[in-house]
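As you go down the protein sequences, you meet chains G and S in turn. Using the UniProt record's numbering, the letters of the first sequence map in sequence onto residues 1 to 255. Using the UniProt record's numbering, the letters of the second sequence map in sequence onto residues 1 to 283.
Just so you know, these hints were derived from the structure itself, not from any lab. Backbone N, C-alpha and C fix where the C-beta goes; we use that ideal spot for every residue, glycine too. Just so you know, not all the hints are guaranteed correct.
[Said to hold, decoys possible] When the alpha-carbon atoms are kept at most 27 Å apart in a straight line, the in silico DSS-like pairs for lysine-lysine are as follows: (1) LYS212(G) - LYS110(G); (2) LYS67(G) - LYS180(S); (3) LYS60(G) - LYS180(S).
[What the hints assert, rightly or not] If you only want the chain G side, here are some residues facing chain S, beta carbon under 8 Å, derived: (4) ASP22; (5) LEU58; (6) LEU61; (7) GLY64; (8) GLU102; (9) SER106.
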Amino acid sequence: MEDTRKKPIIEVKDISYKYAEDHVLEHVSLNVPEGAFLALVGPNGSGKSTLLKLILGLLKLQSGKIKLFGEDIRMFKDWDQIGFVSQKANSFNTGFPASVFEVVQSGLTKKIGLFAFPKKKHREKVLDALKSVGMLGFQDRNIGELSGGQQQRVFIARALVSEPKLLILDEPTVGVDSRHVHEFYQLLGELNKKSGITLILVTHDVGTVTDKVSHVACLNKSLHFHGDAEEYHSLDEKELSTMYGTSVQLISHNH
Amino acid sequence: MISGIFQFEFLQNAFLTGIIIGALAPLLGVFVVVRRMSLIADALSHVTLAGIALSLLLEKRFMALAGLNPLYLGMAFSVAGSLFIERLRNVYRHYQELAIPIILSGGIGLSVIFISLAEGFNTDLYGYLFGSVSAVSRTDLWVVVAVFLIVVLTVILLYKELFLLSFDEEHARASGIPSKWIHFIFIIMVAMVISVSMRIVGILLVSALMTLPVAASLRFANGFKQTIFFSILFGEISVIAGLFLSYYLDLAPGGTIVIIAVGLLVTAILIGKRKKTKWGEGK
Ligand SMILES: Nc1ncnc2c1ncn2[C@@H]1O[C@H](COP(=O)(O)OP(=O)(O)O)[C@@H](O)[C@H]1O
Ligand SMILES: [Mg+2]
């Protein structure tokens, strides 16, 4: 099913997870090859964010295995290889008194290292990252003064500034003006194709992204489909509904 | 007349201490406010009071302890209280603010017990509650200088990490920085600054000196560094003007300082630039 020439950047093997009594994830296995653009789709509460948090080491693994860049997650140290854009549009404190520059530079914290200060080359990287998301010129504005879509671009710049090989985005378009959503996916497509960054995008807009992505995974507690985008397209609606246990149409409208 | 104020050593001590905490309290206050921990500062100040009351009690009961500076026990209680708050916040993950009333009432309860055991209120305690210009000793000043050096050095060295942790805790953890340690160091610094600040502004008003200048600064500042700069500026104006006024008008310094800080805040609200997105509008 997967391109075997490319080594997987993420290997998830048989993981299950529960916060309380009931499992949120059950026996999920998933490989993400280098250079892939994976859309992780599924209804609300299907465990998408939980899976990402496990991959990012924000939650402790309960059972199963995760390898990042070929290394067991418990040994993994190169966290600046992984950029992360969380469901910020919902939780971000819009009054935070930080400039766009400061926010993006905070993405270099790990790279610069403890007890060290940002140098000229780091400041240049910040401007480069802002340029790559089309936000050059906004660096002195307060983050709270920007629109939701602009803020989301800044968060992508923050994730990109450490030059990660893998970028993980959790529902980045929630709270973004629908006019800009298309533009936004365009940007992701370019990052994937031109810069060769492996992408994992969590979304429940199944329809809007499938033409940009290379792989699709459908999650609802367990993995219901994992394959390349073409196979996904060849599935008919009936098959999709049985995967979700609910109508796909409903899913793309329910947020 | 101005020079008259500095001819007494105790006034020199008070002014130097005041100038230091006028910078120190708002410096940490910026991080406290943006992390929405203002009430924690309040709770810790009441725990500090318990330490001070205990120290005054011991002083009264045991002659051998007469020379003990109450600041030490106050600081010890404050640091212990901060660690306890962290425990409670983990125990009540979904009700993190519960830690505050628990610690706050615990602090007041202990203070009241110690005060009653000491058979009442004395002028020393009054000074700790409302601040005092005349009671600041050389030892107090040296303790404040030491805390100042430690805190400023730590904030400079860990500035990036403190910023990231304040702006986005989840991202801080995901990026692989030792965020637990950074937070731990931060909360201990807060506890130390609270206990040294209360000598001048008093227990009941310490958290005001940490938050009011920051609240005013948020109306003006662009960016985080500027927010810190204006917070310290407003803190210094409040402390210096407050100490002069309280000396010449014979007022309690804590109250005078805080009322000036409130005045600055109101002015900032009235004339401060209107932002498209205002502080506190976050979802
Ligand atoms: N911190 C948490 N504590 C307890 N339950 C949680 C927590 N986070 C998520 N859940 C539950 O786990 C399930 C999956 O959540 P999540 O991974 O956020 O789903 P998704 O991102 O697909 O919407 C949901 O039922 C949610 O209520
Ligand atoms: Mg989610």
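Okay, the hints, checked on the actual structure:
About 31 Å separates the Cα atoms of LYS212(G) and LYS110(G), which puts this hinted pair outside 27 Å; it is violated. This hinted pair checks out: LYS67(G) and LYS180(S) have alpha carbons roughly 24 Å apart, not beyond 27 Å. With a C-alpha separation of about 15 Å, the suggested pair LYS60(G) and LYS180(S) falls inside the 27 Å cut-off, and the hint holds. Because the smallest distance between the Cβ of ASP22(G) and any Cβ of chain S comes to about 17 Å, over 8 Å, the interface hint for this residue is violated.
Against a cut-off of 8 Å between C-beta atoms, the interface hint on LEU58(G) holds, since the closest Cβ of chain S lies about 6 Å away. Because the closest C-beta pair between LEU61(G) and chain S is about 15 Å apart, greater than 8 Å, the hint is violated. Of the supplied interface hints, the one on GLY64(G) is violated, with its beta-carbon coming no nearer than about 20 Å to a beta-carbon of chain S, more than 8 Å. Given hint, GLU102(G) at the interface with chain S, holds; its Cβ is 5 Å from that chain's nearest Cβ, closer than 8 Å.
Against a cut-off of 8 Å between C-beta atoms, the interface hint on SER106(G) holds, since the closest Cβ of chain S lies about 5 Å away.
The structure fails to meet hints 1, 4, 6 and 7 from the earlier list, while all remaining hints are met.
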